[in-house]
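Keeping their order, the protein sequence lines are chains A and B. Heads up, the first sequence is in the working numbering, so the first residue is 1 and it goes up one at a time. Heads up, the second sequence is in the working numbering, so the first residue is 267 and it goes up one at a time.
Accuracy of the hints is not assured; some may be wrong.
[Unchecked claim] Calculated lysine-lysine pairs in the DSS-like style (CA-CA distance at most 30 Å, straight line):
hint, chain 1, residue 1, chain 2, residue 2
1, B, Lys530, A, Lys110
2, A, Lys21, B, Lys374
3, B, Lys439, A, Lys9
Note that these hints are calculated values from the structure, not bench results.
Residue strings, one per chain:
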Amino acid sequence: MSIRGTEIKIEGLSQRYPTRKVPTFNRVDLVSPPGEALAIIGRSGCGKSTLLHILAGITRGTEGRVLLNGTEVNGPSPRWVMMFQAPHLYPWMTVTENVGVGLTFARWGKKEIAERVAEAIRLVELQDFAQANVQDLSGGQQQRVALARSLVMEPELLLLDEPFSALDAFTRAALQKDVRAISKRLGFNIVLVTHDIDEAVIMADRAVIMAGSPGDIVHEMDVDLPDPRDRTDPEVQRLRARLMATFQEAANYKKPEVSLAAGAGR
Amino acid sequence: MNFAATPARQGGFLSLGQYALQRLAWALGGLSILAVIWLIAGQMMASSPRLANYSTFGLGPTLQAFPEMWSSGKIQSATLASGYRLGMGLLLAALIGVPLGVLVGRIKWFAAYSNSPFQFIRMISPLAWMPIAVLVFSTWDGSIVFLIAIAAVWPVLFATAAGLAKVDPAWFKVARNLGANPLQMLTKIIMPAIAFDVFSGIRLALGVAWIVLVPAEYLGVTSGLGYAIEDSRETLSYNHLTALVVTIGAIGYVLDSILVMLIKQFSWHRGGAA
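Working from the sequences, and respecting the hints, build out all of it.
Written out as structure tokens, the structure is:
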């Protein structure tokens, strides 16, 4: 499986809903280089999930644009694949069929699908369950199937919307490490939305914090730690404490009144 | 529907083979009880001077009528004629009901606009359409197929719509995310997701169609099980009449069993179906 990353450019992106006075977020700019794992941290309602949905092409922003290697994101594409909180597998399909469903949509040949799917299943270590009914798998195994289903498309960008929040602590920790390891091995970008500071420290190269109303990126921090990362490592804990302090500081963040008033006056 | 069978199977006390044997034993046991009641009723009629003329309704004369009717080809020709009408009616009901059910389940405005007219038309007795059907269609066959279709379309339509309403919306989001086009969404996601509900609807429709078929064949046509019953009544061949009633019951039971098998085949729900 050969995957390369992509340069993500978010330019002046805004999202407002007709029923709400305040935009969800207003003129957000962000750049992420190829191969980077970026965590977007923020409290519920700050617009981080909406931002991710726009990156995935599932939702359209009201202003601004998202470019991936210079191509504007106008809709969903197998090049940028999203993993959701729940695996949302198709229960009438086996593990193999679930993993290969995207390739079926792309009308690949049976032989090519079989080869690529087997490789993706090996990558997530589910070889022994290839023909299993997905309803017989544990939550963690199901999320691994969802991961393989995304990876099989060889995406340049994997978007993760709190993907492990429904799993138990041990499974969550294992998957966080595995996803990071796979992304580094294959070179694709990750954009991870989470409110779990630990998850950001374990998985990301850089963390940005979204806060305020309308939401904005108020802080960012490099997570410059060697791999593999371990929660008990003092360096990891030190960075976690720093990120937590920044996050709490950001929780009290208020966007300067001046810029809002100026925006409203235009 | 075998409600009694479900707990034992879910409880995991029986193997699959034992479970099948138990179901067969229940079916044979139930039918035997029915046969004994019929036998006793027949003998009581035979021994009563007032009812003796009707004693050929009994189990013995009925069983004796089968070889005679089979060798004359009466059962086969009546079954074929009715089967054709039933099959065409159900096919039409499915061809109309499934797409309409998908529209009702997927498109909110369509569901909102169609609800009242659908409920209104649904409540009209299928046989009330008979005079209109006779005027509109040039053949009796056409009229009967129409009556079956208009009676059977509703269970298919509403079961399809209800099935779609239960589908996890995230399945569509995931499929779009992985590049599914609208046709692939229909064939790879929607249809497998609701196949269980569609076949359950067709099973209900079969019951309704079977009920409509026989009285519809009392009128006009000169073939089919309904016609054969009416003909037997007029010729006072009561044992033929009951043999045909048994045939109708048996065919209905077999068709229902086939649909139960299909429902199980297409069900992805844990804990079995039907």
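Evaluated hints:
no.: 1; hint: B:Lys530 <-> A:Lys110; in the structure: 27 Å, holds
no.: 2; hint: A:Lys21 <-> B:Lys374; in the structure: 27 Å, holds
no.: 3; hint: B:Lys439 <-> A:Lys9; in the structure: 24 Å, holds
Checked against the numbered hints given earlier, this structure breaks none of them.
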